[in-house]
Amino acid sequence: MMAAKLHLPLSRYIKLSLFISCFITFSFDTLLSSLALHEVSAHFSCIVRVLMRYLDNLLHSEDNEDDMGNISSVLAGFELLRVLSFVHTTAFHQELVYELLLAWLRLPKANGIYDAVLQILRNTGSHIEKDFPHITINLIPILFKLARFGTSHLAKHAVHCIRLHLCNWEAHFSSLIKSMKNLLSTNEPEKLAAPLASLGHIAIAGRQEFADSLSPLINGFVLKELLWSTKFPEKESDEHWTDKENLSNGTQARLQGLKCLTLWLLSRQITGNKAKQILNLFCWLIRTEGILENWEYLSLVSRAHLRLGAALALLKVSQEPCYYSLLSQQDIQLLSLMINSS
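Numbering follows the numbering used here, with no gaps: position 239 of the sequence shown is 434.
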């Protein structure tokens with residue numbers, strides 16, 4: 196029904212919209228001579244409304260789950276919305292748009308679109324609390340839930356949405372950190388992805404206000420309980436590599452812990468023994484091919500991922516002068532060899 200109203204299949208509609216987007220982006224000066232700016236915004240606002248209604252119709256279609264064509268159209272449509280939200284931010288500043296985004300975040304079993312929705316909110320929601328407070332009230336608990344129990348990617352976007360769009364974001368961050376303390380447990384490593392991602396990005400998003408207050412959690416849990424823990428032994432395996440999703444819960448938690456440490460270091464710019472201790476941890480994981488002395492058996496695939504995770508962490512923090520100065524020539528050579536290894 197909706198496709199007929201559009202008079203275009205979604206694939207052609209997306210191509211046309213992208214063409215219009217690119218044309219206006221790169222030929223803006225030319226267009227302004229013949230078309231008023233408010234008319235350009237109105238056209239894109241209309242495009243956004245029509246596309247979002249079309250996607251909402253697809254999402255609520257009864258045969259959506261079994262129709263691969265519908266699924267493909269939904270994903271393509273959300274990718275277009277994500278791009279448009281970055282290029283034409285003001286076109287999304289409409290009550291209908293935010294109401295649909297909020298409704299999509301409430302859909303069950305829709306993790307595939309949550310990421311795109313949160314990215315759209317990050318790009319476009321700068322005035323949402325001021326202009327649409329009723330939407331903000333309903334959005335806050337959803338962001339909190341994703342920051343605590345979502346995937347690491349969803350938690351990251353949720354934290355930055357709170358920081359960018361809420362006036363009293365400091366109070367929300369404080370509340371979020373307090374609630375995280377009850378979630379940090381090595382007894383359930385499968386539940387650590389979101390809390391660790393949230394803590395790392397809170398450190399980045401609120402570096403002046405929260406980086407220091409996060410130190411007890413970083414030192415007490417991430418370093419001592421998670422990375423130095425003797426838990427998470429694995430069964431023997433001859434595999435040398437696998438996708439990250441196939442790793443054990445313990446290894447995935449440790450990888451997220453390495454990312455959390457990296458973000459915390461980048462937020463604080465510290466020097467001295469604590470920074471050196473963490474850098475030595477990264478170097479040791481690279482040197483020993485992904486294992487610490489006190490750990491029990493780890494599979495080859497887990498060790499490979501942990502070695503790579505440590506190398507990525509070291510590469511990121513070494514770009515900061517305060518950390519680069521703490522690395523020895525041997526450490527830098529170790530990292531370069533890791534980059535060139537297969």
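If you're looking for bench data, these hints aren't it; they were derived computationally from the structure. A few of these clues could be false.
[What the hints assert, rightly or not] Simulated restraints, written as ranges between beta carbons of each label pair: (1) D326 / E385: 38 to 48 Å; (2) T381 / S410: 18 to 28 Å; (3) D326 / N306: 22 to 32 Å; (4) S410 / K511: 43 to 53 Å; (5) N468 / E290: 20 to 30 Å; (6) S410 / R244: 45 to 55 Å; (7) A271 / N363: 32 to 42 Å; (8) E440 / E484: 17 to 27 Å; (9) T466 / T285: 37 to 47 Å; (10) N475 / I332: 43 to 53 Å; (11) E515 / R301: 25 to 35 Å; (12) R482 / L291: 28 to 38 Å.
Keep in mind it's a predicted model, so treat the numbers as computed, not measured. All residues carry an ideal CB built from backbone N, CA and C; glycine is no exception.
Comparing the hints with the structure gives:
1. D326 / E385: 38 to 48 Å: holds, 39 Å
2. T381 / S410: 18 to 28 Å: Holds - the Cβ-Cβ distance for T381 and S410, about 19 Å, lies within 18 to 28 Å.
3. D326 / N306: 22 to 32 Å: holds, 29 Å
4. S410 / K511: 43 to 53 Å: Violated, since S410 and K511 (Cβ atoms, about 19 Å apart) do not stay within the stated range.
5. N468 / E290: 20 to 30 Å: violated, 53 Å
6. S410 / R244: 45 to 55 Å: Once the Cβ atoms are compared, 47 Å apart, the range 45 to 55 Å for R244 and S410 holds.
7. A271 / N363: 32 to 42 Å: Roughly 37 Å apart at Cβ, these two residues keep to the hinted range, so it holds.
8. E440 / E484: 17 to 27 Å: holds, 22 Å
9. T466 / T285: 37 to 47 Å: Since T466 and T285 have Cβ atoms about 43 Å apart, the given range 37 to 47 Å holds.
10. N475 / I332: 43 to 53 Å: Since the Cβ atoms of N475 and I332 sit about 47 Å apart, the hinted range of 43 to 53 Å holds.
11. E515 / R301: 25 to 35 Å: Violated, since E515 and R301 (Cβ atoms, about 40 Å apart) do not stay within the stated range.
12. R482 / L291: 28 to 38 Å: Cβ of R482 to Cβ of L291: about 56 Å, so the range 28 to 38 Å is violated.
Hints 4, 5, 11 and 12 from the list above are not met by this structure, while the remaining hints are.
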